Amino acid sequence: MAKLIHKQLAQALYRSVDGLAESECSAVLDKFAEYLTKTGQASSWPVIAECYQQYANQQQKIVVAEIMSARPLLAERLEQLSTELAQSIGAKKIIIETKIDSELLGGVIIRLPDRLLDASYRRQLRDLQAKLLY
Amino acid sequence: MSDQQSDVIIEELRRKILQFQPEVKVEKVGYVTKISDGIALISGLTDVMSSEMIDFEAFDEENKSIAISGVALNLESDQVGAIVFGRGELIKAGTVAKSTGRILQVPVGPELIGRVVNPLGEPLDNQGPIKAKIFNNVERVAPGVIERQSVNQPLQTGLKAIDAMVPIGRGQRELIIGDRQTGKTAIAVDTIINQRGQNVQCFYVAIGQKESKIAQLVAKLQEAGAMEYTTIIVSSAAESAAMSYIAPYAGCAMAEYFLEQGQDALIIYDDLSKHAVAYREISLLLRRPPGREAYPGDVFYLHSRLLERACKLSAEKGGGSITALPIIETQAGDISAYIPTNVISITDGQIFLEPDLFYKGLRPAINAGLSVSRVGSSAQTKAMKKVAGKLRLELAQFRELEAFASFGSDLDENTKQKLELGRRLTEILKQGQYQPLAMADQVTIFYAAISGRLASVPVEKVGSWEREWLSYWHDFGQELAKKITETGLLDEINEKELGELLDKFQASWQ
Numbered sequence: 001m002a003k004l005i006h007k008q009l010a011q012a013l014y015r016s017v018d019g020l021a022e023s024e025c026s027a028v029l030d031k032f033a034e035y036l037t038k039t040g041q042a043s044s045w046p047v048i049a050e051c052y053q054q055y056a057n058q059q060q061k062i063v064v065a066e067i068m069s070a071r072p073l074l075a076e077r078l079e080q081l082s083t084e085l086a087q088s089i090g091a092k093k094i095i096i097e098t099k100i101d102s103e104l105l106g107g108v109i110i111r112l113p114d115r116l117l118d119a120s121y122r123r124q125l126r127d128l129q130a131k132l133l134y
Numbered sequence: 001m002s003d004q005q006s007d008v009i010i011e012e013l014r015r016k017i018l019q020f021q022p023e024v025k026v027e028k029v030g031y032v033t034k035i036s037d038g039i040a041l042i043s044g045l046t047d048v049m050s051s052e053m054i055d056f057e058a059f060d061e062e063n064k065s066i067a068i069s070g071v072a073l074n075l076e077s078d079q080v081g082a083i084v085f086g087r088g089e090l091i092k093a094g095t096v097a098k099s100t101g102r103i104l105q106v107p108v109g110p111e112l113i114g115r116v117v118n119p120l121g122e123p124l125d126n127q128g129p130i131k132a133k134i135f136n137n138v139e140r141v142a143p144g145v146i147e148r149q150s151v152n153q154p155l156q157t158g159l160k161a162i163d164a165m166v167p168i169g170r171g172q173r174e175l176i177i178g179d180r181q182t183g184k185t186a187i188a189v190d191t192i193i194n195q196r197g198q199n200v201q202c203f204y205v206a207i208g209q210k211e212s213k214i215a216q217l218v219a220k221l222q223e224a225g226a227m228e229y230t231t232i233i234v235s236s237a238a239e240s241a242a243m244s245y246i247a248p249y250a251g252c253a254m255a256e257y258f259l260e261q262g263q264d265a266l267i268i269y270d271d272l273s274k275h276a277v278a279y280r281e282i283s284l285l286l287r288r289p290p291g292r293e294a295y296p297g298d299v300f301y302l303h304s305r306l307l308e309r310a311c312k313l314s315a316e317k318g319g320g321s322i323t324a325l326p327i328i329e330t331q332a333g334d335i336s337a338y339i340p341t342n343v344i345s346i347t348d349g350q351i352f353l354e355p356d357l358f359y360k361g362l363r364p365a366i367n368a369g370l371s372v373s374r375v376g377s378s379a380q381t382k383a384m385k386k387v388a389g390k391l392r393l394e395l396a397q398f399r400e401l402e403a404f405a406s407f408g409s410d411l412d413e414n415t416k417q418k419l420e421l422g423r424r425l426t427e428i429l430k431q432g433q434y435q436p437l438a439m440a441d442q443v444t445i446f447y448a449a450i451s452g453r454l455a456s457v458p459v460e461k462v463g464s465w466e467r468e469w470l471s472y473w474h475d476f477g478q479e480l481a482k483k484i485t486e487t488g489l490l491d492e493i494n495e496k497e498l499g500e501l502l503d504k505f506q507a508s509w510q
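For the protein sequence lines, the chains are A and B, in the order given. Numbering follows our numbering, in which position 114 of the first sequence is assigned residue number 114; successive positions increment by one, without gaps. Numbering follows our numbering, in which position 113 of the second sequence is assigned residue number 113; successive positions increment by one, without gaps.
Keep in mind that the hints are not guaranteed to be accurate.
[Unchecked claim] The calculated lysine to aspartate or glutamate pairs, modelled on DMTMM-like cross-linking and capped at a C-alpha distance of 20 Å, are:
| no. | chain 1 | residue 1 | chain 2 | residue 2 |
| --- | --- | --- | --- | --- |
| 1 | B | Lys390 | B | Glu495 |
| 2 | B | Lys64 | A | Glu97 |
| 3 | A | Lys7 | B | Asp78 |
| 4 | B | Lys25 | A | Asp101 |
[What the hints assert, rightly or not] These stretches of chain B come out as covered by chain A in the derived footprint (C-beta under 8 Å, 3 or more residues):
| no. | stretch |
| --- | --- |
| 5 | 88-97 |
| 6 | 229-242 |
None of these hints come from the bench; they were simulated from the model. Note that the structure is a prediction, hence the values are computed from the model and not measured. All C-beta atoms in this analysis are idealised placements derived from N, C-alpha and C, irrespective of residue type, glycine included.
Let's have the full structure, built from the sequences with the hints guiding it.
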């Protein structure tokens, strides 16, 4: 039998545990672990787990957003951003990862899997610079 | 600067700053997940189109933002495969890749004439930036049937063997094929040199060649004054496969500018074998399934869509043309390999060069039997047609007789004469490199041969006879040369005059 690639394994695992009760899951996981050992892929478990996480997020419409700002944002501001983002991109849940980058000067940059929302002062100043030059 | 002036400037700046509206920029992006061998795999970029240009936001060693472009080639369900131009080593996993909504473009226009550029149109010749005003798409659909007309104007290569036997017309695609070191590039370069004063813009696309060879070629063209109407597009052996892959399309886009202006252009692709190899490399790295000789399935389309862009436009469309001279290098004379057969079937004929002939000293080493031009003869000038028709026939008979004659020496007078003439004809088809001849000059030489005036010249002296005749002709035949060049005719009056001139020369020639 041809070896399945990590992504396919992760998808298969997701489909087999989806909708199962927690107690039933362990049996499936045992079998999965057995299969990995038998096919000599046990060492790739971290990669498979990562693929699993991505696939599960995609299926459950959970989006990971990275919010970069010059200074730490207030919790309620993050909460507000998260709800508004979820609404605008049609996600059920937004997982927020924050990052501080003082070079932004102010404002935020939000990185989504396929979009980049740039509302930083750094870019606005660059735009202004470009406008003044040309 | 007076205070008043600075006030005006400050006021202007203030106005601009007040007008400025900051806005949130939403960009469709993806993130590089893997980069190796000039191929980037990108996640995200959900709306990217095939062949769309992608900008990578990379940073150089000093952490300065540097724009690197790429082109999306593989659109898969969860990732995009793209080729990367330029400094791919600066792209890392996680680098932001933005879709631009544009197809890859190169600068075009008269600003590029006389320049040496890379396939992205960036200068390589230390002559300053190229201030082109117009940009054209690298990939374009070739003109359709209605927009074209048949080839009707000659493109003089200046090589006797080609202009007489495999004539090339403006808008034709003629393949130059042969083993390494058989003079393929020499034919192309001579053709460029001969376009001086012919109103033909020349483009030479060097794909996967040694930089030393390109430097030599540029020097030679400069020496011959041919860089005044030539652009050289270089993707050397040191460049990535992606650069080699787009080089011929970029060159064609530059030539198309002149096509649209109703002008004539000549483009040389040197060579398409290396182009196919570059594309094979990209395709294999993109994990496209390999086919024959490990080339991908669309390698025919790769070259057909390129060569289809060579054309002669109709008078309503301006009547411009692009003549393409693709070059293919064969291995041990094998023209039945995959790429040679493909390109032979796409082009309107081929010039086949043979190492055996080359080493015999018959240069250009054109194999007259395997070389053909399917459309060029309709574009030949009447004068050339008149002498060349007979020349071809005589040469064909000579080749047949020569094979027979080698068996025995008992030949009748007629056959002997044919053999003698054939030997002289073979001799006059020899020509040195960088010595292209004008059409009228060629016509006189062929006329002398087929009218039997060379019979008294020993075979080994035909070369020196030709040189001396040409200098005599340039001295005393100027009027007639002008007439032949302008009308393209060798009518009875011209013929008589030429005959008399030849006889006079013959009488003095020893």
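Violations among the numbered hints, reported as their numbers in ascending order: Of the numbered hints given earlier, those the structure breaks are 2, 5 and 6, listed in rising order.
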